[in-house]
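Working from the sequences, and respecting the hints, build out all of it.
Same order as they appear, the protein sequences are chains A and B.
Residue numbering for the first sequence follows our numbering, starting at 220 and increasing by one per position.
Residue numbering for the second sequence follows our numbering, starting at 257 and increasing by one per position.
Just so you know, the hints here were simulated from the structure itself, not pulled from any lab data.
Don't take every hint at face value.
Every beta carbon over 10 Å from chain A, so not counted as near; a handful from chain B, in silico [as the list claims (entries may be wrong)]: (1) Lys274; (2) Thr276; (3) Asn309; (4) Ser318; (5) Ser320; (6) Arg338; (7) Ser343.
Below, a list of computed lysine to aspartate or glutamate pairs in the EDC-like style, where the Cα atoms sit at most 20 Å apart [said to hold, decoys possible]: (8) B:Lys274 to B:Glu335; (9) A:Lys324 to B:Glu298; (10) B:Lys273 to B:Glu335; (11) B:Lys313 to B:Asp286; (12) A:Lys300 to A:Glu228; (13) A:Lys324 to B:Asp294.
Which bits of chain B does chain A cover? Going by a derived footprint, with three or more residues having C-beta under 8 Å, they are [to be verified]: (14) 283 to 297; (15) 356 to 367.
Beta carbons: idealized from backbone N, C-alpha and C, even for Gly.
The lines below spell out each chain.
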Amino acid sequence: GQSLEQPSEVTAVEGAIVQINCTYQTSGFYGLSWYQQHDGGAPTFLSYNGLDGLEETGRFSSFLSRSDSYGYLLLQELQMKDSASYFCASDSGGYQKVTFGTGTKLQVIP
Amino acid sequence: EADIYQTPRYLVIGTGKKITLECSQTMGHDKMYWYQQDPGMELHLIHYSYGVNSTEKGDLSSESTVSRIRTEHFPLTLESARPSHTSQYLCASSRGAGAEAFFGQGTRLTVV
Chain A
220 GQSLEQPSEV
230 TAVEGAIVQI
240 NCTYQTSGFY
250 GLSWYQQHDG
260 GAPTFLSYNG
270 LDGLEETGRF
280 SSFLSRSDSY
290 GYLLLQELQM
300 KDSASYFCAS
310 DSGGYQKVTF
320 GTGTKLQVIP
Chain B
257 EADIYQTPRY
267 LVIGTGKKIT
277 LECSQTMGHD
287 KMYWYQQDPG
297 MELHLIHYSY
307 GVNSTEKGDL
317 SSESTVSRIR
327 TEHFPLTLES
337 ARPSHTSQYL
347 CASSRGAGAE
357 AFFGQGTRLT
367 VV
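Okay, structure coming up:
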C-alpha cells in the first residue's frame, strides 16, 4: 500500500522559517504535492515536485529527494494566517491516484 | 476559483437510510476522487475514477459505492447509513499526474 508520514504538530514564531517533512513508501511513485487546509475548509494546492530538487513559489518552497523517499515544505516569513494543516500527497500507481499523508498541524505564535 | 461543487453541505440522517452525496465539476477533468476525513485527521481515499465508466476502490475500505456515467458527475451512495459513517466527505478532481487537485467544500454527514 501507500504510506506518507509527517510530524503531527509543529509550532513556530511569526516571521520565522519552518520546515515540514514527509517520508513516503509508495509503489509507482510519480511525484509529491503539498496542500494547505484551514480548519473547516477544503484542501488547497500549494506545490508539486515531479523531479528531485527545490521548487519555489513565493514564501513557500518544496523539495524532493527520490533516492531518500523524502520531501519537505519550507515556509518562510511565517504569518499568523499560515496556521493550518499541511498535507503531502503522492500521485502513484497505474492510474496515478492521489494519496495524502498523515498531515501536520502548524501553529504560528506571535 | 475551483468549479467543483458538492451537495448537500450538511446532512443529518437516521440509521439505515440510503443517501447519495453529489459531486459535480465543470473543468472537464478525467480524474475524480472521494476522500473521507474526520476532524483534524488525515484524508483517506475511498474511491477514485480515471474516466467515464472507470472506478476503483481506494486505500480505505468503505461500504459506499460510486458511479461515473458522465465526466462531470461522480456521486457517492451509502445504501444503509450507520453511525460509523459519520464524517466529512470531500470530492476532488484533477487533470492528471502532477496536476493540482481541486476540492469541493465537502459534505459533513452525521448518522444518528
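Worksheet item: Per the coverage rule (Cβ-Cβ under 8 Å, at least three residues), is the segment 283 to 297 of chain B covered by chain A?
Response: Answer holds; 5 residues pass the 8 Å Cβ test.
message: Quick check for students: does the CB of B:Arg338 sit more than 10 Å from each CB in chain A?
response: holds, 24 Å
Exercise for review: Classify the label on B:Ser320 as holds or violated, using whether its beta-carbon is more than 10 Å from each beta-carbon of chain A.
Suggested key: holds, 17 Å
> Holds or violated: B:Lys313 with B:Asp286, Cα cutoff 20 Å?
Replying inline: This hinted pair holds, its Cα atoms lying about 16 Å apart.
**Distal placement of B:Ser318 relative to chain A, Cβ over 10 Å** = holds, 14 Å
- Task: Can you take a look at whether the segment 356 to 367 of chain B is actually covered by chain A? Rule is 3+ residues, C-beta closer than 8 Å.
- Result: holds (count 7)
Notebook entry, point to check: Can we confirm that no CB of chain A comes within 10 Å of the CB of B:Asn309?
Noted result: holds, 14 Å
Minimum Cβ-Cβ distance from B:Thr276 to chain A exceeds 10 Å = Holds, since 20 Å exceeds 10 Å.
For the pair we were handed, A:Lys324 and B:Glu298, check the Cα-Cα distance against 20 Å. holds, 11 Å
Compare the distance between the alpha carbons of A:Lys300 and A:Glu228 with 20 Å, and conclude whether the hinted pair is satisfied. holds, 16 Å
Item to complete: Given the hint that A:Lys324 pairs with B:Asp294, test it: the Cα-Cα distance must not exceed 20 Å.
Response: holds, 14 Å
Beyond 10 Å from each Cβ of chain A, as asserted for B:Lys274: About 26 Å separates B:Lys274 from the closest Cβ of chain A, which puts it past 10 Å; holds.
The structure meets every hint from the earlier list without exception.
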